[in-house]
Each structure stands twice: as structure tokens, then as C-alpha cells.
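Protein chains: 2
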Amino acid sequence: MTKIMSPEELEDELRAIGAARYHDKHPFHTLLHGGKLNKGQVQAWALNRYCYQSAVPRKDAALMSRCYDRQLRRDWIHRIHDHDGEGKEEEGGIERWLVLTDGLGLDRDYVMSMKGALPATRFAVEAYVRFVQEKSLVEAVASSLTELFAPKIHKERISGMLENYDFISDDVMQYFRRRLAQAPDDAAFALDYVKRNARTPETQAAVLDALRFKCNVLWAQLDALYHAYYDPGLTPPDAFVPA
Amino acid sequence: MTKIMSPEELEDELRAIGAARYHDKHPFHTLLHGGKLNKGQVQAWALNRYCYQSAVPRKDAALMSRCYDRQLRRDWIHRIHDHDGEGKEEEGGIERWLVLTDGLGLDRDYVMSMKGALPATRFAVEAYVRFVQEKSLVEAVASSLTELFAPKIHKERISGMLENYDFISDDVMQYFRRRLAQAPDDAAFALDYVKRNARTPETQAAVLDALRFKCNVLWAQLDALYHAYYDPGLTPPDAFVPA
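Listed in order, the protein sequences are those of chains A and B.
Everything in the first sequence is counted per this note's numbering, starting at 1 for the first residue and increasing by one.
Everything in the second sequence is counted per this note's numbering, starting at 1001 for the first residue and increasing by one.
Hint data in this document are derived by calculation from the structure and do not stem from the laboratory.
Cβ atoms here follow ideal geometry from the backbone N, Cα and C, with glycine treated the same way.
Any given hint might turn out to be false.
Okay, the calculated bits of chain B under chain A, using three or more residues with CB under 8 Å as the criterion [said to hold, decoys possible]: (1) 1044-1058; (2) 1066-1077; (3) 1081-1087.
Computed list of lysine-lysine pairs in BS3-like fashion (alpha-carbon distance at most 25 Å, straight line) [as the list claims (entries may be wrong)]: (4) A:Lys-135 <-> A:Lys-36; (5) A:Lys-155 <-> A:Lys-3; (6) B:Lys-1003 <-> B:Lys-1152; (7) A:Lys-135 <-> B:Lys-1003; (8) B:Lys-1036 <-> B:Lys-1025; (9) A:Lys-88 <-> B:Lys-1088.
Chain A with its partners taken away, still in its complex shape (with noise of 0.2 Å):
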């Protein structure tokens, strides 16, 4: 990684580590998806998620609060509103996931707690916030760009899991539709300014790397899944149990 790419060059590598690293290809999503697994592992998948779902608005907070650029700022912060929500006409990601979890008949006191969660669930998620907190700005950026890939996910998501599951109805998919209109924006969004700001040999190895870390965050939390209610199903201490 000693020489510099063009735009285009490093656009390229950056789709290589979705293609090859993103989360779509882990086993878990493959069960998930082609109706696999049983309510109480889908149970187990939505109230992990949920930690991720709801770190999302302090990850573009961090971020933010380390951008000098005012109209940087002004052009992320509907992330923020588009997780959290805004007044009453706009419920927000979180709250839609909620409605998800509601659906499969989580108590949603318990998992807004997040006491059931994997505590590797909570490792990746904070892991994530601390990378945006303290690297550079263009890395924090980059460690959106898995938004790139997730289009195909939440399409093979909303088919799959409403084919395959009676106790997945339409109205609790609301999340995933969402995104589908939202994610396509905001990932271009931040191609555009990576790959604008990563002209130099060494950012552009650093903004790769940050997808890398982005991707395995991701990843992270499905090898937890899998080993915790699936094989070989080994639950750790505190962790939600399925009826």
C-alpha cells in the first residue's frame, strides 16, 4: 500500500473488503434469512441487535463532535434523527426496531436494558463508538461505508424472514424498509468524501482498514450469536435464555 490510487482505485478496494468481509456472508445470516432458526434464536438475533441499533446515534454524535467543518456537520446530523427520531411525525430506527422486538414478544423494558445481551454484542458495539471517538475524522467516515452493502442484506432480510417465519409479520419489518431508502444516500455520501479526503498512501491503507474494523464489528456479533444459540449453543452467564 506504498503507492497512492486514484478515486476509483481505492472505490474499488473499498467494495473488495464489503464483498469479501461484509456480514452478509456470515452463517448466521444465512439461517437467519432461509428460515433456519427458531423464534427464540431470531429472539436472541433482535435484542442483540438492539445494542448495535442504539449506539448508532452516539457513533454519529462522536463523530461529530470531532468534525470543525460546520457543513460536514449540518450534512450528518439527519443520521442522528434518522436513528433517534424527531418530533412526532418521525418514530426513528430505534423505535422501529423496538416495534420489532415488540413483535416477537420481547419485554421491551428488558431489552432497552440490554442485561440480556451477549457481552460480546456490547464489546463490538462500543468498540465501534471508541474507534469513531478517537481515530481521524476520514477513518471515522470510512467506518460508515458498510452501509454500501447494506441494501442487498435488508432486501434478502425483509423477503426471507417474512417467507420463512409465521411469527414475522409485515408491520415489524418497517425498520429494514426504511433503510432501504435511507442507507443508498447516506453511504454515498460518505464514498464521495473518503474518497475526496484519502489522497495519500497511508490514509487511504488507514480508511480501508477502518472498513475492515467496521466489517469485523459486524461479524463479531454473529460469531456470538451463532456460539451462544446455535452451535454449540453455549450461553454465557446473564444472557437472554429463550422461553
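Given chain A, put chain B in place with the hints provided.
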């Protein structure tokens, strides 16, 4: 400070800190509002104060990045919009501050570069951002409580500066007029939060210290201006020199 205070006693202590330490007591403000400064000195004040204004959204984002409570984030985020602006209809407080520096004949790019600001200004401002990043959430909220005392100084500033300086016109004072409408609600919200959440002697001592700290952040900026531009007028290297 070993005895727990009632919320009302805590409020009295917080207000006593403002009465003793808020920067409306600083001689530089008396000079500023009383028409005792020349245009160059007012330029120096406005240019240095830009550093503070432009850091406020980073401070508020830092607070939100530490906040696990979605409702509190939803209640806080308008502060970022108040300063950064939102869409075309709301220019934001930073833009309004730049209208003031424009009106004073300062080059906007030079102001925004902060290259002419006093090092002591930058140190104080960044200490504030760091405080909010590192201290407890209730201390971070408490550090915003200088807003309790702001409306009085804004009113004095509007009338005093308009009356006393022929180079200050009504249209450049919009920043202060808008803050007269914004600050009281923000201060009331933060005061209520602090009174409800500082419920041990240790936490109450910490929030009082947080407000003292914030008063120091403001006071130190005026000390630096006084020293560099009034008496003895020792302007440090690279700092703005009035024409």
C-alpha cells in the same frame, strides 16, 4: 459539601456561582458594553469569541455521544441546529456570528481559520469540549448552565454596543437577539435535569464544580483579551493585530 442539598438548595448554590463568577463581572465586558473600546479591540473580541461559538456544536455532539438515553438526545439535538443551522430557513448562530464579524470589517476566511485567535482562547474552548467528552453526563449538562445568566449579558450587549459604537448596526446584533429567545428554554431544561440527577453530596459538589469550570472557561477568554488588547496590550505572536 458532605450534606445532601434539596434540589432548591442546589439551584441556589448554582445561581450563587453565576452571581460571583459569570463573565458579566469581568472588566473587559464593562469596557465592551460601555463603549470604552476602539474598533480594533471589538474586532479582537468578536474574532476570538468565534472560536467559542464554533466549538459549541462539537461540545453538544460530544454530550450526545455519551448519552445512552434516547429521549435526552432528542431533547438536546436542537442545540446543534441552533448553532449550525438547518436547511435554508435557519442559518444558525455561527452564521449570525459571522455576520457580526463581517460587519466589523473582518475577513470571513481569516476569522474561520482561527489563525488570529489568542492561544489562550483556543485552550479554554478546547478544555470545554474535552470536559464534556470526559466528565459524567450530569456534569456535562451542568457545564451548560452559564446560559442561566446569559440573557442579562445579551440585553446589555445589544443596548450598550448599539448605543456606544457607530461601527455597530442593528443588523449585526441578530446573534444576541436570537439567543435571548433560545437560551432561557435551554437553561431551564438543563437546570431541571441537574436538579433531578444530582442527588448525592458528591454529585452535587461535582455539578457545582462543573459550573465553576465553565465560568472559568468564559472568564479566561476575557482575561486573555484584556491582556493582549487593552492593558498592557501585549499581543502574542501570530495573534490578530488591529489595522
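Which hints, by number, does the structure contradict?
4, 5, 6 and 7
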